[in-house]
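The residues making up each chain are set out below.
There are 2 protein chains.
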Amino acid sequence: MAGGRKLEFDKETALEAAMHVFWKKGYSGASLADLTESMGINKPSLYATFGNKEALFIQATEYYVEHVARTHCQYLVQEGIPLRDRLKNYLMSVVASQCDSSKPKGCYVALCASEAAGDSIPDHAQETLFKAGAYTQNALMRVFTDDTDAIRLLSKSCSSAEETVRFLFTLLNGTAAMARVGLSLAELESVVEHGLRGIGL
Amino acid sequence: MAGGRKLEFDKETALEAAMHVFWKKGYSGASLADLTESMGINKPSLYATFGNKEALFIQATEYYVEHVARTHCQYLVQEGIPLRDRLKNYLMSVVASQCDSSKPKGCYVALCASEAAGDSIPDHAQETLFKAGAYTQNALMRVFTDDTDAIRLLSKSCSSAEETVRFLFTLLNGTAAMARVGLSLAELESVVEHGLRGIGL
DNA sequence: ACAGAATTATACCGATCGGTAAAATTCAAC
DNA sequence: GTTGAATTTTACCGATCGGTATAATTCTGT
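Going down the list, the sequences are from chains A and B.
Every letter in the first sequence is one number past the one before it in this note's numbering, and letter 42, counting from 1, is 108.
Every letter in the second sequence is one number past the one before it in this note's numbering, and letter 184, counting from 1, is 250.
The set of hints was computed from the structure by calculation and includes no laboratory data.
Don't take every hint at face value.
A pair counts as met if it fits within one copy or between any two copies, since identical chains are not told apart.
[Unchecked claim] Here are the simulated lysine-lysine pairs, BS3-like style, with alpha carbons at most 30 Å apart: (1) K169 to K197; (2) K109 to K77; (3) K77 to K169; (4) K154 to K222; (5) K154 to K169; (6) K109 to K154.
My request is simple: use the sequences and hints to build the entire structure.
This is how it looks when you write it as structure tokens:
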């Protein structure tokens with residue numbers, strides 16, 4: 067059938083660049099000028115490939131969940147590793163990502179969700195952010211509902227899976243805020259240690 | 067000497083309204099139209115009274131520290147109350163403010179500091195936010211450097227004042243993020259309880 | 001009543017916002 | 001080589017951004 071000029075950029079590379087812009091500046095703070103410059107394309111190409119700003123944001127958010135949030139979860143289910151070590155490895159993997167100097171500091175989802183709560187970001191984008199937050203909470207929840215060591219811990223410490231997950235997720239939102247304003251990985255490791263102590267580990 | 071037309075609005079009331087707008091939308095997200103509408107004045111009055119958007123933001127931030135952040139600190143130094151109760155009362159006072167439906171959810175400083183870290187908010191405003199964060203951390207720090215019960219707790223739990231304050235401050239940044247996206251006070255009370263357990267209380 | 005000071009309301013400024021129309025390019029198919 | 005599909009570039013759209021000039025009001029002092 068048809069030929070036509072070839073795309074001069076890689077869609078996934080461009081999407082990753084867009085993710086970094088939203089990660090650094092949030093939804094409203096990321097202008098189309100910021101995005102097109104970082105992605106190395108111009109506006110008509112952006113609109114032809116990704117739709118509009120909101121659609122691009124949704125795809126960037128999904129990319130973040132799959133390529134950032136997802137990567138930490140392996141530590142939660144590693145066979146033959148004690149529960150405490152699995153949780154510590156998971157939490158430190160997240161916090162290390164929050165502190166990583168090669169990417170924007172903090173957490174993409176935490177930043178944009180706070181922005182979304184105030185106002186001003188479109189409905190579908192907000193839903194995607196909500197699902198992104200639920201992704202992490204569900205991964206933690208599975209540990210405390212399935213793992214026998216975790217269940218034993220809950221009964222010993224008179225806490226529930228919901229409470230424990232809520233505490234850990236809140237703590238990670240806290241470390242995200244602190245990493246964003248410049249705290250080091252070493253400083254946040256002691257925060258994680260105190261957090262583990264808070265759930266009896 | 068000279069007369070002239072009288073101000074038709076109360077400066078402090080207008081400043082409080084501006085604080086609520088920044089609290090809800092952040093610095094960049096709060097447009098002059100948002101601000102003037104909530105403050106009940108028009109742009110020339112705003113500029114004559116407060117300077118410009120950045121100056122207004124700085125004054126709103128200082129107003130927040132004095133009239134919101136400051137009010138919680140009394141619980142930290144209440145005579146005749148055990149350390150754990152003082153900390154719990156303080157933390158719950160903060161979290162209750164974060165959940166209060168009569169004001170924007172979450173923490174003004176936490177929201178704007180995350181925005182500032184990404185970019186785009188002026189230097190003086192950023193400095194004021196930094197000082198606002200330090201205000202709360204210093205209030206907590208005084209407890210763990212001065213209070214004899216707190217010092218005893220630190221030596222027993224092999225932790226330092228810096229680490230403990232960093233943990234509690236991080237936790238409050240976490241509860242701020244969670245309150246902002248809708249968690250209830252009851253849900254966050256269990257987070258506070260886990261946090262207190264994390265420092266050995 | 002009048003003059004001058006201060007605050008109001010209205011209208012406007014250039015810059016940037018998200019988004020797009022039109023024309024110039026680059027390719028595949030024939 | 002020519003046609004037609006797809007992507008690029010350039011230029012532009014109305015709306016809104018922070019900020020201000022101008023003029024109409026409202027007050028005090030004489």
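The hints, checked one at a time:
Taking CA atoms no more than 30 Å apart as the test, K169 paired with K197 passes in both settings, with 22 Å inside one copy and 26 Å between copies. When the C-alpha separation of K109 and K77 is checked against a cutoff of 30 Å, the pair qualifies only within one copy, where the shortest distance is 14 Å, while the shortest distance between copies is 44 Å. Only within a single protomer do K77 and K169 lie at most 30 Å apart by alpha-carbon distance; the minimum there is 19 Å, versus 42 Å between protomers. Within a single copy, K154 and K222 get their C-alpha atoms as close as 19 Å, and across copies as close as 23 Å, so both meet the 30 Å cut-off.
In the homo-oligomer, the alpha carbons of K154 and K169 lie at most 30 Å apart inside one protomer (22 Å), although the nearest pairing across protomers, at 36 Å, exceeds that limit. In the homo-oligomer, the alpha carbons of K109 and K154 never lie at most 30 Å apart, since the shortest distance is 43 Å inside one protomer and 52 Å across protomers.
Violation of the numbered hints given earlier is confined to hint 6; every other hint is satisfied by the structure.
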